[in-house]
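Enquirer: I would like the entire structure built from these sequences, with the hints used as guidance.
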Amino acid sequence: MRQLILIAALVFVGEFTPAYGKTDHYEAVVAEPFLELHTGPGRGFPVFHVVDRGEQIDVVKRRTDWFQVRTSKGVLGWVKLEQMADTLDTAGKPTALDDPTADDYVGRRWELGLQLGDLDGASVISLYGGYHFTRNLSTELRVGDISGDFSSGWMATADIVHQPFPEWRVSPYAALGTGVIHIEPSATLVQTEDRTDQVGHVGLGLRMYVSRRFMFRGEYNSYLTFTSRDDNEELDEWKAGFAFFF
Amino acid sequence: MESGLRVLLLTGLAAAATGCSLFGRDDPPMEDAGASAPVISPEVERRPIKTPKIDTEDFEITAYYGLISVEDFGSNSIYGVRAAYHVTESLFLEGTYAFPSEVDRSSVEVLSNINLLGSDRDYSYYDLAVGWNLLPGEVFIGRNHAFNSALYVVGGAGNTSFAGDELFTLTFGAGYRVLATDAIALHFDVRDHLFDNDVTGEDKTTHNIEFNLGLSWFF
Chain A
1 MRQLILIAAL
11 VFVGEFTPAY
21 GKTDHYEAVV
31 AEPFLELHTG
41 PGRGFPVFHV
51 VDRGEQIDVV
61 KRRTDWFQVR
71 TSKGVLGWVK
81 LEQMADTLDT
91 AGKPTALDDP
101 TADDYVGRRW
111 ELGLQLGDLD
121 GASVISLYGG
131 YHFTRNLSTE
141 LRVGDISGDF
151 SSGWMATADI
161 VHQPFPEWRV
171 SPYAALGTGV
181 IHIEPSATLV
191 QTEDRTDQVG
201 HVGLGLRMYV
211 SRRFMFRGEY
221 NSYLTFTSRD
231 DNEELDEWKA
241 GFAFFF
Chain B
1001 MESGLRVLLL
1011 TGLAAAATGC
1021 SLFGRDDPPM
1031 EDAGASAPVI
1041 SPEVERRPIK
1051 TPKIDTEDFE
1061 ITAYYGLISV
1071 EDFGSNSIYG
1081 VRAAYHVTES
1091 LFLEGTYAFP
1101 SEVDRSSVEV
1111 LSNINLLGSD
1121 RDYSYYDLAV
1131 GWNLLPGEVF
1141 IGRNHAFNSA
1151 LYVVGGAGNT
1161 SFAGDELFTL
1171 TFGAGYRVLA
1181 TDAIALHFDV
1191 RDHLFDNDVT
1201 GEDKTTHNIE
1211 FNLGLSWFF
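From first to last, the protein sequence lines stand for chains A and B. By the count of the numbering used here, the first sequence reaches residue 246 at its end, each step adding exactly one. By the count of the numbering used here, the second sequence reaches residue 1219 at its end, each step adding exactly one.
Take the hints with a grain of salt, since some may be wrong.
Okay, derived cross-link-like pairs now, DSS-like style, lysine-lysine, Cα gap no bigger than 30 Å in a straight line [claimed, not checked]:
no., chain 1, residue 1, chain 2, residue 2
1, A, Lys61, A, Lys93
2, B, Lys1053, A, Lys80
3, B, Lys1053, A, Lys73
To be clear about the criterion: a stretch of chain B counts as covered by chain A if any three or more of its residues have a C-beta under 8 Å from a C-beta of chain A, and this derived list gives those stretches [unchecked claim]:
no., region
4, 1052 to 1058
5, 1122 to 1134
6, 1143 to 1157
7, 1166 to 1177
Calculated directly from the structure, the hints in this document are not laboratory data. Virtual Cβ for every residue (Gly too), placed ideally from N, Cα, C.
Expert: Right, here's the structure in full:
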């Protein structure tokens, strides 16, 4: 009876423990005369081992453009993307690697970016996420943190962005959006009340594809704040920053 | 009469043409016409190119603890978290958040026994920065151990929450990263946080230098 329980327990545990012996790594075969293994994932790290043509390697992981591989003899090292792309898979087909290019940039779906700038004399840090419906049309959610000498606050808007020439390396776009702005006067000033107002804006900007997943972005926005006071307020914003797509 | 002749000629021509074409059709144009029919029909299957699932480790998360010298308010311990995305072997983006920690009393407060900040003595910040692995390399500990390392520089901007205010802050610094394993690294960082502040009565730019030690994990 005890043995039965033990067997049952072993089977049960076996079900749920990861199979350590089994490799789920991608296996590749060296197709060029040799494959160089570096000691680290970056420029300058020396080559300490070479794998000959026809030998099989296990790809353990990837960091940026470097692949950590394990040879059949158990040697661990890092291989450059360019060399990794020259290997074949176990079925004899070239290894397909995710290497973002300008084409992927044009057909991108998601975008995340960070911008710094000036909003009517106050500094603004803004973070945005965008989703591209088509190559031309996207929607963006932006959150900005505003800090000025006399007041600070935040702003959140939802935008529709149109990019008429998405395939250009430097490409203009126009944005239209609405959201909320919250302003708190500085603590060292005489007490005035915080306020939250609705805001609408139009913007013009430029995107520049840098390389890989990276792009540069600079833009101008004109905000109209719908205040509960007599006058609506107009704010100008200039900002620039980086973004990447995935 | 003339038209009859024409019809006759045309009929003859048509017959000849048809005959030709018929003849042509009967007669195989090439001797080995049978061989041109494929013996084995190639089964060319269009296979979708599938990028193999390789574990990418471009993200890094760090917990750190250190000392920050808040201008006029002494040296204070500080701790926080940092997340980085490594875009290339050289370039990375990072976001840092330091949890609120209480600052010391300034010399003015101690000497004249006053409290400039009231109950609001907490200092915290966040920033978003771009980093560059300036000097990648290896460090050797003893005869048998080599660890990958990098000296990097960072620059960015963020916001400091101090004395009841939100203060726009520029951050510059450098750090040293040693990878204990392929996924775990030790960091030593020095950062300068610059912001304008009027807590002491006059508006001035303050430098707040921070040293910290961090432990990070790549995933």
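Enquirer: Which hint numbers doesn't this structure obey?
Expert: none
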